[in-house]
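Student: Chains as they are written, first to last, in the working numbering: chain L, 1 to 485; chain Y, 486 to 559.
Hints were generated in silico from the structure; no laboratory data involved.
Incorrect hints may appear among the rest.
Said to hold, decoys possible - Here are the simulated SDA-like pairs of lysine to any residue, each with C-alpha atoms no more than 20 angstroms apart in a straight line:
no. : chain 1 : residue 1 : chain 2 : residue 2
1   : Y       : K542      : L       : N172
2   : L       : K306      : Y       : I527
3   : Y       : K534      : L       : P296
4   : Y       : K534      : L       : L301
5   : Y       : K542      : L       : Q143
6   : Y       : K497      : L       : F345
7   : L       : K272      : Y       : A510
8   : Y       : K494      : L       : F346
9   : Y       : K534      : L       : N295
10  : Y       : K536      : L       : R140
11  : Y       : K542      : L       : E69
12  : L       : K272      : L       : K440
13  : L       : K272      : L       : G356
14  : L       : K368      : L       : G356
15  : L       : K306      : Y       : H530
16  : Y       : K542      : L       : R169
17  : L       : K72       : Y       : K536
Said to hold, decoys possible - Covered stretches of chain L (chain Y as the covering partner; in silico rule of three or more C-beta atoms under 8 angstroms from a C-beta of chain Y):
no. : region
18  : 285–296
19  : 306–312
Keep in mind the model is a prediction, meaning the values are calculated, not measured.
Note that beta-carbon positions come from the ideal geometry of N, C-alpha and C, so glycine has one too.
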Amino acid sequence: MLFNSFQFLLFFPVVTIIYFLLPHKFRWIHLLTASCVFYMMYIPVYILILFFTIIIDYLAGILIENADEERKFRFLIMSVIANVGVLCFFKYYNFFAANVDLLLHKTGGTANLPLLNILLPIGLSFHTFQAMSYTIEVYRGNQKAERHFGIYALYVMFYPQLVAGPIERPQNLLHQFHEKKKIDYDNVVAGLRKILWGLFKKAVIADRIGALIDPVFDNPHNYSSLAINVAVFLFIFQLYCDFSGYSDIAIGTARVMGFKLMTNFNRPFSSKSITEFWRRWHISLSTWFYDYVFNPLVAILRSWRKWAIVFGLLLTFFLSGLWHGASWSFILWGTIYGAALVYEFFTQAVRRRLFGMLPLWLNHALSKVITFTFIALTSVFFRAKTVTGAFYIYKRLPGIFSELSTSKSAARSRLFGDLDKGALLTCFLLILLLELTHHKEGKEPLDMFVGRQPRAVRLGVYFAMAFSIYLFGVFTQRQFIYFQF
Amino acid sequence: MQLNNVFRKCFKRQDITVSPETSAADVTGWDSLTHMILINDIERHFSIKFKLMEIMKFNNVGDMLACIKKKVNT
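Next comes chain L alone, as it looks inside the complex (with noise of 0.2 angstroms):
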């Protein structure tokens, strides 16, 4: 089920209705119910895989906390091996497949893998790694086993976080589900704030700039330079709205029920490097790849010094590409993210020394912009889908100095010719609008600061907003870009 969609308009209230009116020992069977019937609007069959995994957790939680210490290694063993075979066939096979056939068609040899007719299951690269921190948290000591079978699916399948996230830890979530939820003004409010607040950036901010910019990325041999350029900025934009718009409708929709699940962003654009723009941008992923791949790797190869580090970090940062999607572009992607970590790691000292010669404002101005740029011109690989794709798109970007050079009225015509004027400023004033609130939350919590305002003002801003939503709001059932992961 998407949650830009008329179903979830009706879904919502009526799961959170009837979870308010159910005594507390029956809520967890009532929102298992709900779990399992949103993640079967998809493909119905597929909720095997996820019984599957779930039985094979529960099991292996348990058997970890009660077994000695050479055998709880093998049951975490036994639990990562499901989760990630899982995650290999549905996800990886097809791409292995096809990558093992050209290479063995270049080497002379004939094709012996067939390909499979296989759909990704929504959400699978999600709760399997949700799943998988169970397992490695128990094996750490840092949580109990959960011996309630029903509350231990609960974890996996909760519905607002089932399908793109917060990627969600046992000692954060796995208790809130044992506590007994007094329905509360303030978290009903707030969720509900939340909720208005990521929808508007999905069905107005992110929809609107990826209608304006589709065609251009669908076709750039039809666009001037000067288009492509456009396009590539706005993409980031549509990609923060979409994604972090669908983690805030799914932290509402947990805060309206009193469920309080991690922060999945947190003003990315104001990171002044790539290394700090990974605490901001999609923090549950990062944090998973950091405490379960990056810190043992680097722990077990820590006598290799700087090069455990540089290892770890081209190791963590292309198999994060790899989570993102089974293509060469993320793979590719994620590959430059650790070059430019690796980057800023032996340059600190040398970066802080130079920038620090500036006057502070300059720093920061420098190195937000610096890094937006990097991040803008990456997100290519995301839209693109093909490296040609990406590499063709790169080609183009300098052709815009020779189009603005040649004649400004010209290029400006060429521009309004191929992107409609009206849809390209109201994008504009839509990405001032979202800057002028990332700047404000960076003084205070948006919440807090909406919550202070009388309440004509509260209720104002409110109902334009859920207006915009349904006046600008494209509802052609765009999909969220991160359910294809």
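Using the hints provided, position chain Y relative to the given structure of chain L.
Tutor: Only chain Y this time, still in chain L's reference frame:
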């Protein structure tokens, strides 16, 4: 304290003084990336080897100290 000297050598600064409550937030240069280099320096200095699970549980200098003492005494 010997551990102090290890910190000073690792982060190349003489003004570092650590206490049991010190953590990465308190020392410039000690971050998630350089943490393992520090651990390796400590191991080399005291001729000990930490287990992976022990390293994962270090929250501050005090945790490290307790572990070092245990290993040096056995």
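Student: It remains to establish, for every hint, whether it holds in the given structure.
Tutor: Quick rundown of the hints versus the structure:
1. Y:K542 to L:N172: 18 angstroms, holds
2. L:K306 to Y:I527: 15 angstroms, holds
3. Y:K534 to L:P296: 15 angstroms, holds
4. Y:K534 to L:L301: At roughly 13 angstroms apart (the allowed maximum being 20 angstroms), L301 (chain L) and K534 (chain Y) satisfy the hint.
5. Y:K542 to L:Q143: Cα-Cα ~13 angstroms, so holds.
6. Y:K497 to L:F345: This hinted pair holds, its Cα atoms lying about 16 angstroms apart.
7. L:K272 to Y:A510: With Cα atoms ~19 angstroms apart, K272 (chain L) and A510 (chain Y) stay inside 20 angstroms; holds.
8. Y:K494 to L:F346: 18 angstroms, holds
9. Y:K534 to L:N295: The given pair, whose Cα atoms are some 17 angstroms apart, holds under the 20 angstroms limit.
10. Y:K536 to L:R140: 13 angstroms, holds
11. Y:K542 to L:E69: 16 angstroms, holds
12. L:K272 to L:K440: 18 angstroms, holds
13. L:K272 to L:G356: Satisfied, since the Cα-Cα distance of roughly 13 angstroms is no more than 20 angstroms.
14. L:K368 to L:G356: 15 angstroms, holds
15. L:K306 to Y:H530: Holds: K306 (chain L) and H530 (chain Y) sit about 18 angstroms apart, inside 20 angstroms.
16. Y:K542 to L:R169: 17 angstroms, holds
17. L:K72 to Y:K536: Holds, at about 16 angstroms.
18. 285–296: holds (count 3)
19. 306–312: holds (count 3)
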